[in-house]
Amino acid sequence: MHQLGISLFWLGLQVTLVSAAGLLIYSTTKQLGPRTRSFLLSCSIGMTLLLAMFALSPWPRWQTTGKQTTPAINDASDIQNTTVTEAPENELQTPILKQSQQETEWSTVWEGFLKGLQQKPVANQSASISTPAGIVGWMFVVGFLLAAIRLVFAFYSLNRLLRQATSLSGSVAEQTLDILVAQQQISCPLKISEHASLTTAAVIGWWRPVILLPTAWREWNSEQLRAVLAHELAHIRHRDYLAILGAELSRSLYFYHPLIHWLVARLRLEQELSADATAATISGGTTPYLVVLAEMAVSQTSHRLTGPARAFLPTHSTFLRRIEMLKQKRSPGNIVSRPQRILVFGVMLLIGLCASGFRGNQISLAQQPSAESDPQPAAGAVDRDKIVRGKHVPFAIDMVPNDALGVLALRPAELLSQQAMLMARLQLLKAARENSHLYPLDLPFSEIQSVTLILLAHEAGQPQSQPLNHVAVIQTTHDLKQVTKSFGGGGKIFSGVTDGGVHYLRSDIYPGYCLSIVNDHELIVSKTTKVLEQVITARSNRKSSRWIEPWKPVSQDSIAALFNLRQFRELVWKNQWKPEINDSVWKGSLAPVWEHTDLISLGVNLEHKFSLQSTLYQQQNGGEIRKTLEAAQVLGTNLLQQYLQQIVQNQNREQHTMVPLVESSLDLVKSLHFDQAGENVSLTASMTDMTVLNNTLSSFVPAMIEARKAALRMESFNNLKRLVLAMHLYHSKYKHFPPAVVIGPDGKTPHSWRVALLPFLDQEKLYKEYRLNEPWDSEHNKQVLAKMPAVFKNPVDNRPGHLTSYLAVTGPNTVFGKSTRPAGGAGIEMSTEPFATSGLAGGGGVESKAEPVAGVRMREITDGTSNTIAIVEARREIPWTKPEDIPFDENSVPELGGFYSGGFCVALCDGTARYLPDALKSETLKYLLLINDRHVIDWP
1 MHQLGISLFW LGLQVTLVSA AGLLIYSTTK QLGPRTRSFL LSCSIGMTLL LAMFALSPWP
61 RWQTTGKQTT PAINDASDIQ NTTVTEAPEN ELQTPILKQS QQETEWSTVW EGFLKGLQQK
121 PVANQSASIS TPAGIVGWMF VVGFLLAAIR LVFAFYSLNR LLRQATSLSG SVAEQTLDIL
181 VAQQQISCPL KISEHASLTT AAVIGWWRPV ILLPTAWREW NSEQLRAVLA HELAHIRHRD
241 YLAILGAELS RSLYFYHPLI HWLVARLRLE QELSADATAA TISGGTTPYL VVLAEMAVSQ
301 TSHRLTGPAR AFLPTHSTFL RRIEMLKQKR SPGNIVSRPQ RILVFGVMLL IGLCASGFRG
361 NQISLAQQPS AESDPQPAAG AVDRDKIVRG KHVPFAIDMV PNDALGVLAL RPAELLSQQA
421 MLMARLQLLK AARENSHLYP LDLPFSEIQS VTLILLAHEA GQPQSQPLNH VAVIQTTHDL
481 KQVTKSFGGG GKIFSGVTDG GVHYLRSDIY PGYCLSIVND HELIVSKTTK VLEQVITARS
541 NRKSSRWIEP WKPVSQDSIA ALFNLRQFRE LVWKNQWKPE INDSVWKGSL APVWEHTDLI
601 SLGVNLEHKF SLQSTLYQQQ NGGEIRKTLE AAQVLGTNLL QQYLQQIVQN QNREQHTMVP
661 LVESSLDLVK SLHFDQAGEN VSLTASMTDM TVLNNTLSSF VPAMIEARKA ALRMESFNNL
721 KRLVLAMHLY HSKYKHFPPA VVIGPDGKTP HSWRVALLPF LDQEKLYKEY RLNEPWDSEH
781 NKQVLAKMPA VFKNPVDNRP GHLTSYLAVT GPNTVFGKST RPAGGAGIEM STEPFATSGL
841 AGGGGVESKA EPVAGVRMRE ITDGTSNTIA IVEARREIPW TKPEDIPFDE NSVPELGGFY
901 SGGFCVALCD GTARYLPDAL KSETLKYLLL INDRHVIDWP
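Residues 1 to 940 in the UniProt record's numbering are what the sequence shown lists, from first letter to last.
Simulated from the structure, these hints should not be mistaken for laboratory data. Glycine is no exception: its CB is placed at the ideal position from the N, C-alpha and C atoms. Hints should not be assumed to be uniformly reliable.
What the hints assert, rightly or not - Restricting the straight-line Cα-Cα distance to at most 27 Å, the calculated cross-link-like pairs of lysine-lysine (DSSO-like) are:
| # | residue 1 | residue 2 |
| --- | --- | --- |
| 1 | LYS609 | LYS670 |
| 2 | LYS527 | LYS485 |
| 3 | LYS430 | LYS485 |
| 4 | LYS481 | LYS709 |
| 5 | LYS709 | LYS787 |
| 6 | LYS787 | LYS765 |
What the hints assert, rightly or not - Here are the computed distance ranges between Cβ atoms for each label pair:
| # | residue 1 | residue 2 | range |
| --- | --- | --- | --- |
| 7 | LYS430 | PHE153 | 43 to 49 Å |
| 8 | VAL172 | LEU146 | 40 to 46 Å |
| 9 | ALA591 | ILE135 | 45 to 51 Å |
| 10 | VAL648 | ARG876 | 47 to 53 Å |
| 11 | LEU725 | GLN419 | 48 to 54 Å |
| 12 | LEU725 | HIS780 | 26 to 32 Å |
| 13 | VAL648 | LEU146 | 22 to 28 Å |
| 14 | ALA413 | PHE153 | 57 to 63 Å |
| 15 | ALA20 | VAL172 | 46 to 52 Å |
| 16 | MET714 | LEU635 | 34 to 40 Å |
| 17 | GLY501 | SER417 | 36 to 42 Å |
Required output: the full structure, derived from the provided sequences and hints.
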């Protein structure tokens, strides 16, 4: 609390300077009108809030600090172990950041708090605590808590006031308000209500403001009512409630400061006077408006509003003060020009920045130099890393083209076997048991020996905003026949050959990707055939690869990477690639690396400890790059420390999951050690506490699993969209959507709508194989049942392959709700539709009128195709060819979903897919299933 008390002293001094300056400028603006004075006071109060934010930052600081040559010593052991080494003269002249920059006293307090959490207290710290400063700190904490509680209760009282208020919809007050709103062209939504506890009108809220009137308004005449409403509308136009909200926040933070209380009280009065000036112009002038207020003051009671809500509501005493001010008949001057606003805001901002620079010269305890903050590599560590690398087969680099942008290689099976990955491994095993399709290509990570990801530039004509082309080379012990089967997903697999003779496979399950089997244990996955051919060609020319030499130092690590920074620069300078990264990072603090480095290698090992090595290759400016990296280490340490403090202060639990990652990153950055050999700069870092890494990975693996589940959900979306597209193609041919049950050519054999859609899903061969004059479960049709297309299967559905995941909801007034009549031949229904133009609503030509339409027509969906569900996702034991779906009537809503926790996917008639939560109102779901209920859908 000692440091907190010192910080409060400096912050109080800053607030005093800003408040005094605002008061001085305010005293010179009496001729500018209440609107200008109100804006000035708002800016002054806003600057006090800005000062509180600056207190958490080490900038600005106007005092100069002398160089400290003697480090802080906590006990006698430090004196014995401390040695002083004189730096060479040339190093003293080099402007390299060797120590952390000064932080504010707020940072000192939070750094000490974090050290306490880590059970590393500072020895003999109590001896330096100043009792008066500590008492001030405790008094501030108690006072701030009381002020914050008061503010919370004020908001609660306002909400209760709004809930208890009676709406004046349809009243004379609302009609008068509508006229004034139209005259003043106010566009924001307004509400008007009344409450018995009020003595004067008030405005609550600024985004969706509510005007509250006292119940006595019914005794007012039309002029009084018009004047009061005009006054409140002026508050809304000026956004006074937002200014008062900031003022109350400032008063809660600086509850001890009398100038803040005066500024807030004066702001309330100037706002009322400004609103009076605006209302007077609408009411015919100041004199008639003053007469109206005087009449109302005589008839008003002196009832005093109690409770915390008084901070946001006008009082009877303020009302009387307004009348006294209006009697002085000053010039309204109620318009603030844009130059005036800019001038006032600029002056107050300049004053706030100047005041915020006055702070103490103390340095954070956490920034004192120590052995822990700058660890040196332990003896024998390099030898241990060599032993670890000797166990690994070098990553192959022969397939990387010379013009590649980078390569990333890792050993998933070996990484998962490490002790640091124990929790991550267990989480992956659990997730894989719950979802058999968790892994891409159903290829478990534990059976992948290595993955090499190669980054390549865009092809000609490819949009620059898209991600870079990439290709993955995978070595695995898994059966590649099973991988090929998973790639097809039970659907069609298309084979092809590139111009260079490279064979590849494509499938509907992974659109846009091609798969090439190299040998019994190696495969390549690529986005385009051209990129695939580049990799195969590079393998045949392996001796000429420019990547071999810089790749050797990291080729036997657990994770290895090599990036061609020169190639990246050429793409950016030629505007051939626009990366979505912050240019200021590269062009500012890391500019020498971006401008001079050609290649960057990176190697990581996880056995026994986390160790990292990296080398930056360049032809010149190696010394400048090393200095840049050392400065970046200091900057990164400070930024991570501040970010950690922000997370601890934040009450958001989701952000607290970032604490292990930030802490481990901070330890890793502090352990960085730099060396230089010629122009090449190398760096090493290590982290022996593998528990932190284990906790970090255990926090992020669930997020990765959820991301994978979200990707699988997108695959379900694609399936649903394909099915609705097939329905539209069916409608285009037969002038109606397919019914739930389609009758075969014999006039009696029922079949599923899913069978009827096969010709429109590129499954013409399978449709012809199905016999329409036999039941769905006949011996012959059972063979078709076993060949269910992948489009009918949810990617997370682990049930037998003949059970469908997508069903129709059948019942009156649903998309599949009409009954089927015998058709004219081969399962094709007849239509009574007259001649229609081509399109999704119908084809062309004159149709037969012998039979009624069997399915729903597009024009019958009067609720709109974007508000009507076509197909749902449900876990039912229904074979895909069986003419059975989900029955529905308007009295009971069916249970859907079953594949995801918390919701389910549906397809709408317009071809879009949505994810609906389980908590969706049953009434809303019912309206979505009906085609003509005429209800507005309240989408979640």
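Here's how the hints hold up against the structure:
{"no.": "1", "hint": "LYS609 - LYS670", "in the structure": "holds, 16 Å"}
{"no.": "2", "hint": "LYS527 - LYS485", "in the structure": "holds, 19 Å"}
{"no.": "3", "hint": "LYS430 - LYS485", "in the structure": "holds, 24 Å"}
{"no.": "4", "hint": "LYS481 - LYS709", "in the structure": "holds, 25 Å"}
{"no.": "5", "hint": "LYS709 - LYS787", "in the structure": "holds, 26 Å"}
{"no.": "6", "hint": "LYS787 - LYS765", "in the structure": "holds, 11 Å"}
{"no.": "7", "hint": "LYS430 - PHE153: 43 to 49 Å", "in the structure": "holds, 46 Å"}
{"no.": "8", "hint": "VAL172 - LEU146: 40 to 46 Å", "in the structure": "holds, 44 Å"}
{"no.": "9", "hint": "ALA591 - ILE135: 45 to 51 Å", "in the structure": "holds, 49 Å"}
{"no.": "10", "hint": "VAL648 - ARG876: 47 to 53 Å", "in the structure": "holds, 49 Å"}
{"no.": "11", "hint": "LEU725 - GLN419: 48 to 54 Å", "in the structure": "holds, 50 Å"}
{"no.": "12", "hint": "LEU725 - HIS780: 26 to 32 Å", "in the structure": "holds, 29 Å"}
{"no.": "13", "hint": "VAL648 - LEU146: 22 to 28 Å", "in the structure": "holds, 23 Å"}
{"no.": "14", "hint": "ALA413 - PHE153: 57 to 63 Å", "in the structure": "holds, 59 Å"}
{"no.": "15", "hint": "ALA20 - VAL172: 46 to 52 Å", "in the structure": "holds, 49 Å"}
{"no.": "16", "hint": "MET714 - LEU635: 34 to 40 Å", "in the structure": "holds, 39 Å"}
{"no.": "17", "hint": "GLY501 - SER417: 36 to 42 Å", "in the structure": "holds, 39 Å"}
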